[in-house]
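**Student:** Take a look at the letters that make up each chain.
Number of protein chains: 2
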Amino acid sequence: MTHSPVPVNIADKLSQFSDLWSQKKIADVNDYEVKLAKLKGEFVWHTHEDTDELFLVISGRLTLQLRDGDVVLGPGELFVVPRGVEHCPVADEETAILLLEPTGTLNTGDAGGPRSKAPEAL
Amino acid sequence: MTHSPVPVNIADKLSQFSDLWSQKKIADVNDYEVKLAKLKGEFVWHTHEDTDELFLVISGRLTLQLRDGDVVLGPGELFVVPRGVEHCPVADEETAILLLEPTGTLNTGDAGGPRSKAPEAL
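Just so you know, the sequences run in chain order A and B. Heads up, the first sequence is in this note's numbering, so the first residue is 1 and it goes up one at a time. Heads up, the second sequence is in this note's numbering, so the first residue is 1 and it goes up one at a time.
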């Protein structure tokens, strides 16, 4: 087996970092990555032209601003931003999320800029 | 947009079915499906030769029996069974899980048999 036969505990992983807007990889599923992040404040408007992006809120409250309106997610709620749909995450309080998207997907999508950052392994 | 701009609430979705060992699709991410299932008892030993499979426990307790030993998952814990690794899920109490795998992945993998069942939409 190339994977460790030990479960990944999401709460444990979240306790291992505190930096905001920094994606931490916790698992691979084929050529997809499962990542955690802590958010507070507003990100940048961006689009992933080639992929959908799944957001699952673990704690806190995440607003996914879309040009058509906002989607507000609490703990245990998920939303898939379809490919090509411009979005901007914002969190008024510190919010922990789980993300799923293809390996190599850039956090800022087509927007690039100073907040672009590759995921880190936890 | 081809997706509804409404979040998916996992607890709400779980309240909408009670049948065991029946996967319910709650979201698509490109050519992957996010599914829920309720388990109790033992499934069948099987292998997915072509894909990894992610299990995330929502409630209860899931044991993933592997030929190398067991992996036991509680709420908020996930494990990815690598492709080609034979496994058999078992749950002593009723357990709710979230699954992620490519669209079209059969629940019984290579084993087939009477417990094979395609996912249903919720």
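Hints are not guaranteed to be accurate.
Put simply, identical chains are the same to the list, so a pair is met inside one copy or across any two.
[Unchecked claim] DSSO-like, lysine-lysine: derived pairs with alpha carbons at most 30 Å apart:
| id | residue 1 | residue 2 |
| --- | --- | --- |
| 1 | 13 | 117 |
| 2 | 13 | 24 |
| 3 | 40 | 13 |
| 4 | 24 | 40 |
| 5 | 25 | 13 |
| 6 | 40 | 117 |
| 7 | 24 | 117 |
Hints listed in this document are in silico derivations from the structure and should not be mistaken for laboratory results.
**Student:** Against this structure, judge whether each hint is valid.
**Tutor:** Structure-based check of all given hints:
{"no.": "1", "hint": "13 <-> 117", "verdict": "within (19 Å within a copy, 34 Å between copies)"}
{"no.": "2", "hint": "13 <-> 24", "verdict": "both (9 Å within a copy, 28 Å between copies)"}
{"no.": "3", "hint": "40 <-> 13", "verdict": "both (18 Å within a copy, 28 Å between copies)"}
{"no.": "4", "hint": "24 <-> 40", "verdict": "within (16 Å within a copy, 33 Å between copies)"}
{"no.": "5", "hint": "25 <-> 13", "verdict": "both (10 Å within a copy, 27 Å between copies)"}
{"no.": "6", "hint": "40 <-> 117", "verdict": "within (16 Å within a copy, 42 Å between copies)"}
{"no.": "7", "hint": "24 <-> 117", "verdict": "within (11 Å within a copy, 35 Å between copies)"}
In terms of the numbered hints stated before, the structure departs from none.
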